[in-house]
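Since the structure of chain H is already known, use the hints to place chain D on it.
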Amino acid sequence: MSVLVLAESPNGQFKKAAYEAVHYGAKTAASLGGECVAVVIGPADNPADLGKYGASKVVHLADYTGGIDASSYTSIIGQVAAQVGAKVVVVNHSSTGKSIAGRVAVKMDAGVVSQVNSVPTQEDGGIVVTKPVFSGKAFAKCKVAGDKCVLSLMGNALPITEIGSACPVEAGSVDVPASSVTIKERKTVDGEVPLPEAELVVSAGRGMKGPENWGIIDDLAKTIGATTACSRPVADTGWRPHHEHVGQTGVAIRPNLYIAAGISGAIQHLAGVNSSKCIVVINKDPEAPFFKAADYGVCADLFDVVPRLTEAFKKMKAQ
Amino acid sequence: MSAIHYNIKQRQVTHMKLLVCITKTPETTAKIAFTDGDSKFDESGVQFIMNPYDEWYALVRALELKEQHGGTVTAINVGPAANDVVIRKALAIGADDAVRINAEALSAGQVAANIAAHAKDKGYDVIFTGKESIDYNGSEVGGMIAEHLNLPYVSYASHMDHDGTTATVNRDIEGGVEVVDVTGAFVLSASKGLAEQRIPNMRGIMMAKRKPMAVEEPAVTESKVSVVSYTLPEAKGGVKMIDPENMDELVRLLHEEAKVI
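Protein sequence lines, in the order shown, are assigned to chains H and D.
For the first sequence, numbering that gives the first Met the number 0 gives the first residue as 0, with consecutive numbering after it.
For the second sequence, numbering that gives the first Met the number 0 gives the first residue as 0, with consecutive numbering after it.
Hints were generated in silico from the structure; no laboratory data involved.
A couple of the hints might just be wrong.
Straight line, CA to CA, 25 Å or less: simulated SDA-like cross-link-like pairs of lysine to any residue [what the hints assert, rightly or not]:
1) K140(H) x T220(D)
2) K140(H) x T230(D)
3) K239(D) x P285(H)
Coverage of chain H stretches by chain D, computed from C-beta distances (three or more under 8 Å per stretch; other residues unrestricted) [as the list claims (entries may be wrong)]:
4) 136–149
5) 176–185
6) 275–281
Each residue gets a CB set at the ideal place from its N, CA and C atoms; glycine is no exception.
Pulled out of the complex, with its shape left as it was, chain H reads as follows:
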């Protein structure tokens, strides 16, 4: 038995998410028995490095460049899983991972649990693992009958540490049928950590009064290396790009630190951010519901507080 992990390498580079998935795969293999094998699809720098996070072997299919669609991913993962004898498959809960987890499960005749946040354990005739439900308002302990499952791992769910050294890399060999989906273009913001992976997020809402005032948010984000986000009304009015919208209908995030300026904290916004480890709310309205969900609150005009906070972070960094 082994655990097969998809290590994503967007633009040929592994990001933290890939190391998280491999590390989680290694822990899963330790819990359920067997070894952790990583599969890398497309170009990637130093696939052997995945060994440091617990992979015992990497199967690399370097030829798939320029992106492939969900059915091609599924076909490849299904074949590699059969080749390495994997009964458990781990992917990230990313736009790619979410698109293929269910498909792979059907292909393998396995159960699927998405957005898992614990290492699975074997319990009388099944595999038990937890995941958030109701948009982070509760957790469910799920049981998959039998010994086959597909898990998509929630971002920032467990700390990653280097536990091994570089591992062997094999060239994989699979036969993928042609797909009727053509990827024409990928338009992404370069040089910024994508929101679902971000550890630090600075977010702002209608309290900013207009898009021209976003400089203070960018300054704060840049100072601490955070990704910027926004509330729904701000994305809807076009003040900020759609992909920055966090909340129930936008992106759900789980950073270590979420700083929200000028966001009142409607329940739909909280649904996307309430799994953050620490929430700082800056709002001049003492009645803003967001304060109830916050760890730290600053009740004052954000136009005064945000630049002051940026300076305070700069001072700390200088020390």
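Relative to chain H, chain D alone:
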């Protein structure tokens, strides 16, 4: 002028067959509590709605395609008779007919298997789902239907144009969008932006009562995945208010107490 007229005529005879998968969820502000030794969601006093991604984006985009190309929109739900009220709403918004698979929805896998069993010989051009349900947030059903039917799956669609043969879709991905073309039948999951919510009007509500709703027996009644128990997150310790003049203190707390920076 005549060329344009010809094009419009061509489009109207395309006749698309569209299936929209809808599910029932607690409304977004519902109190989340559990019963039976924390093994069941406590439905008492909870208002149920059609999953917003299914209603606002998937269903409405399907209706727009029908309006553009001609065709039919069928809504499908896996659930008991109590779900009829949600299905009627889909009909009131504009679906032509509906199918209810008469079984409790046990898991994404069991729901997808039943929808696929219904759809396999019907020749749907596009099968729509919402990007996820707002209760279990699994985002699994669409991909599973696609795999059962051996169709492409295009997820997190925030924009779609369809000329009757080929669709061009913007998919939400981390930090941006991916643009894909897909030819032939496929399964699509709908994100925010795919369409604008429609409110059913009185005529729609009256007509919905006369629209056909078929009840089919389930092909699959077993589930590979079940929920053993639920837990609520630990309550927050309460907010610590910081003097707005003293941001050094906030930075110190984030560093030393919360240890997040």
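Numbered hints the structure breaks, given as an ascending list:
none
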